[in-house]
Amino acid sequence: MSLTEKIKKVLLVDDDVDLLEQNKLIMESKGFEVVTAESAKEGFETFKTEKPDACVVDLIMEHHDSGFVLCHRIKGTEEGKTTPVFILTSATYETGFKFNANTDEEKNWIKADGILNKPVVVEELLSKLENYLQV
Amino acid sequence: MDNTAKILIVDDEKGLRIGTQRLLESEGFYVESAENGTDGISLGTQKEFDLAIIDLKMPDIDGLEVLQTIKKDKPNTVCFIATAFASYDTAIEATRIGAYSYIPKPFTPEELLHNVQQGLKQRKLLIEAERLKREREENLLAIADEKSRLNTVIESINDGVLVVNKVGEMVYYNNVALKLLEIEDIELGEYLLDKIPAKISNQIKEFLRAEDGLPKSTSEQIELKPNNELFVETVSSPVYHSDGKFAGVVIVVNNITEFKRIELIKNQFVSMVAHELKTPVVAVMGFIDLLLDKKIPLTDDQQHDYMSRSSSRLKGLIDLVNDLLDISRMEIKTKQREIEELDVREVFESTLMFLEQLAKERGIVFEQKYEENLPKLNADQNEVTRLFTNILSNAIKYNKENGKIFIEISSSKNYLCIKIEDTGIGMKKEDKERLFSEFFRIKNKYTRNVSGTGLGLTIVKRIVDSYHGKIEVESEYEKGTTFTIYLPIKTK
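Line by line, the protein sequences are chains Y and P. Per this note's numbering, the first sequence starts with residue 1, numbered consecutively. Per this note's numbering, the second sequence starts with residue 1001, numbered consecutively.
It is worth saying that the hints were derived from the structure and are not from the lab. Careful, some of the hints might be misleading.
[Said to hold, decoys possible] In the BS3-like style, the derived pairs of lysine-lysine whose C-alpha atoms are separated by at most 25 Å in a straight line are:
hint	chain 1	residue 1	chain 2	residue 2
1	P	LYS1295	Y	LYS24
2	Y	LYS24	P	LYS1445
3	P	LYS1278	Y	LYS128
4	P	LYS1294	Y	LYS48
5	Y	LYS24	P	LYS1443
6	Y	LYS30	P	LYS1295
7	P	LYS1479	Y	LYS41
8	P	LYS1295	Y	LYS6
9	P	LYS1432	Y	LYS41
10	Y	LYS9	P	LYS1278
11	Y	LYS24	P	LYS1294
12	Y	LYS41	P	LYS1429
13	Y	LYS9	P	LYS1432
14	Y	LYS51	P	LYS1445
15	Y	LYS6	Y	LYS30
16	Y	LYS41	P	LYS1445
17	P	LYS1294	Y	LYS30
18	P	LYS1295	Y	LYS8
19	Y	LYS8	P	LYS1294
20	Y	LYS41	P	LYS1443
All chains should be built: construct the whole structure from the sequences, respecting the hints.
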């Protein structure tokens, strides 16, 4: 079974409309159905209505940790528990956040299933999704 | 000064008294005499005599008492007891209470003069001894003074100072050091190294181990309390005796918490700048990748749209770099200010002209009200233009289509007051609070198509602050915002 059969619909959340559109096009070209949102708030609403199979969320939106907060909210819902959420950022180095969730405590705190650096390489995202599904 | 020796004779026997006086005066001495103990005490205590010859037995006051009283007052007066009843015990008693010697009566002139000569020698010695003593006391006083001055100075330094000897015992400190390092209950001479943070004691131990041929000094920054609560820099230097032998280590503890805080803020700013610079580059790169990707079919319109969006992202990037350069110039003050007398209305109107096209595109009109005979403003024209441009372009960009901008420039005794009111999208309270923070941009449904660097109002605030002015913001969400800027008229 191919990836797009298991994961049909992907939610992209990014306050940068340019990046949002670019990633949407790329994901669509890979065969996914893509829904988008431009803020954490809108993202959570879209998550509930659209029920995507995976989410890719930008970290810094209204606030520096908007992506984390959204991820927590998604993971806090019943369907969210089993939905993979990836956080997208260009700020890994700049903010000094340590994104390598090594310990269980860190994994539990971050909740996201992976951190992706901007500009995102779709192949990387896809391989992360594959990994997630195998686990 | 008169070098003639002064001698006092106290004797109730008139003949002996006068005879002795004459003899001594004939030898060139200055002599005074008293005929009883009471007068003897009064003379001997009031004046400074070199010698006193005191009869032992007098009717009113005993000679020993006269001796004692004079000695108490004038310890350097050399006293003789003259007595016809010389006994060993009397002699002992007399010398015990301060007599230099005793002269047995009757005495020959030679015996008297011999005793007087001896007595004068003693007097010289006493005076010399006193001089030396005084000198020594003065020296000690000077030293004590110097020491207390040094203590006061070191105690007043804002840095902590600790000195340990070569076995690690504390030999000197000031209270700042004890406070910074939280050392309690320590006495001079106590072993210090196990009472201070390991990083500092290791620094000291290196000196103690090496003794000779050690480095000049070492320094280290140490976080004593986490989360930047207390940061110190310690500089340890060896102390040498005057002969060059290693004596110990002096440690200066400098509280650098504030510097570290500023450093952190700067680092955070650099991080934010890097992020802000990277974002448009990533966006442009994304568009280019899409345009190059043969597998993703794009219509001509799409292609054109992406190229023009790339272009506007790059323009935004240039704006950002320009704003950053401005801030950096303001920060390091390389930008030499050219303070001149400005006609504020003139500067304002030329700024308006520059922004006219932008306003026209959105159908926005200005309503202007200027006070007659506005006072001149002493300021740099570029800075004031920048200030007006940023505020006005915000009023245009964050206005509603076909909105209005009310402008009023007036003056009070000390301030020029520039009020810019728009009929725009306004802002919520929580956004207003972050308005002047670097890179803060309000993000909501109204602002998604508004471009900006997030530095405009940061620059405005910095300019206003640099002229010791004030900026006030009133805003109602979806109704509009009013900025009021007060600039002092007389600035240096």
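**Prompt:** Of the hints given before, which are not true for this structure?
**Reply:** 4, 10, 13
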